[in-house]
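K.L.:
Chains V and A are the protein sequences, given in the same order. 37 is the number that my numbering gives to position 37 of the first sequence; each next residue is one higher, with no gaps. 26 is the number that my numbering gives to position 26 of the second sequence; each next residue is one higher, with no gaps.
These aren't lab readings, by the way, just hints derived from the structure by calculation. Treat the hints loosely; a few may be bogus.
Label-pair restraints from in silico Cβ distances [as the list claims (entries may be wrong)]:
1. V:Val61 - A:Ala94: 55 to 65 Å
2. V:Ala10 - A:Glu91: 23 to 33 Å
3. A:Gly136 - V:Pro48: 50 to 60 Å
4. V:Asp49 - A:Ala47: 42 to 52 Å
5. A:Asp28 - V:Leu17: 23 to 33 Å
Covered stretches of chain A (chain V as the covering partner; in silico rule of three or more C-beta atoms under 8 Å from a C-beta of chain V) [what the hints assert, rightly or not]:
6. 83-91
7. 124-136
Yeah, the Cβ is synthetic: ideal placement off N, Cα and C, and Gly gets one too.
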Amino acid sequence: MKTPRFRHVAASLLLGLGMAASCGCANTNLVRVRPWERATLADYTMRPDRDPLATANSEHVYFSRESATGGRGVGGSGCGCN
Amino acid sequence: MSLRSELLLAAGVGLLVVTARADVKVGDSFPSLPAAGLTGGALPDTAGRVVLVDFWASWCAPCKASFPAYAKLQADYAARGLVIVAVSVDEDPAAYAAFVKRMHPPFATLHDHTQQLVRQVQVPAMPTCYLIGRDGRVRVVRQGFHGEDSERELRKEINTLLAENPATS
Numbered sequence: 001m002k003t004p005r006f007r008h009v010a011a012s013l014l015l016g017l018g019m020a021a022s023c024g025c026a027n028t029n030l031v032r033v034r035p036w037e038r039a040t041l042a043d044y045t046m047r048p049d050r051d052p053l054a055t056a057n058s059e060h061v062y063f064s065r066e067s068a069t070g071g072r073g074v075g076g077s078g079c080g081c082n
Numbered sequence: 001m002s003l004r005s006e007l008l009l010a011a012g013v014g015l016l017v018v019t020a021r022a023d024v025k026v027g028d029s030f031p032s033l034p035a036a037g038l039t040g041g042a043l044p045d046t047a048g049r050v051v052l053v054d055f056w057a058s059w060c061a062p063c064k065a066s067f068p069a070y071a072k073l074q075a076d077y078a079a080r081g082l083v084i085v086a087v088s089v090d091e092d093p094a095a096y097a098a099f100v101k102r103m104h105p106p107f108a109t110l111h112d113h114t115q116q117l118v119r120q121v122q123v124p125a126m127p128t129c130y131l132i133g134r135d136g137r138v139r140v141v142r143q144g145f146h147g148e149d150s151e152r153e154l155r156k157e158i159n160t161l162l163a164e165n166p167a168t169s
């Protein structure tokens with residue numbers, strides 16, 4: 001016959017397993033891209049600067065809005081003279 | 001058993017399940033290469049030798065940079081008992097084949113086409129190389145490849161492992 005103590009321990013173990021399974025952390029396939037699974041992420045098309053025209057447009061919007069040239073890696077004084 | 005103890009036990013079990021990992025660390029036995037079902041060529045004899053297992057992929061730029069360095073290591077240390085096994089984790093067999101054809105590495109470059117071995121090892125980054133001693137135990141785990149610095153440190157570690165126990169063959 002099972003004692004109340006045994007039942008408590010068994011219930012705790014089940015609760016622990018349930019917590020691990022339900023929190024989503026136990027299933028690593030849900031959110032984590034493993035290092036060996038990053039072929040698509042490493043593709044050239046995933047680069048934000050893959051399109052020179054889009055990059056130039058983005059730069060233009062940036063320096064027009066900020067009134068400063070050279071904020072993105074190009075030497076400039078930030079004098080607002082553009 | 002008090003309620004507090006029960007909750008602590010439950011949290012402990014949950015944490016244990018969540019953090020349970022099977023990654024290969026220094027001191028562990030490396031999984032069997034023949035059992036991993038690697039394709040793309042013959043697996044060299046590794047018994048009693050110092051083995052460098054490198055996990056690479058065709059889409060990984062540092063992996064590409066590491067190949068000339070491994071070629072030099074192969075030329076300098078193969079006669080003394082170093083075996084290099086480069087394991088591709090490419091999902092696309094054509095990408096693996098094209099990379100090998102382009103690079104012409106002088107060491108074994110095999111394909112873990114089912115990604116069985118890499119899952120078993122749980123590599124932390126690409127590339128990662130494992131230096132395995134003559135006893136089959138992992139002695140060094142090196143993440144990434146940083147040019148001459150990595151090569152210099154690898155040479156030091158390989159020299160140490162080769163000097164530990166001369167090949168009996």
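K.L.:
All hints are to be evaluated individually against the structure, with a verdict given for each.
P.N.:
Structure-based check of each hint:
Here the CB-CB span from Val61 of chain V to Ala94 of chain A is close to 40 Å, at odds with the stated 55 to 65 Å. Between Ala10 of chain V and Glu91 of chain A the C-beta distance comes to about 43 Å, which lies outside the given range of 23 to 33 Å. Checking the proposed 50 to 60 Å range against Gly136 of chain A and Pro48 of chain V shows it is violated: the Cβ atoms sit about 45 Å from each other. Checking the proposed 42 to 52 Å range against Asp49 of chain V and Ala47 of chain A shows it holds: the Cβ atoms sit about 49 Å from each other.
In this structure, Asp28 of chain A and Leu17 of chain V meet the distance hint of 23 to 33 Å, their C-beta atoms being roughly 27 Å apart. Counting residues of the region 83-91 of chain A whose CB falls under 8 Å from any CB of chain V gives 3; the rule of at least 3 is met. Given as covered by chain V, the region 124-136 of chain A passes the check, having 4 residues with a CB less than 8 Å from a CB of that chain where 3 are the minimum.
Of the numbered hints listed earlier, those contradicted by the structure are 1, 2, 3.
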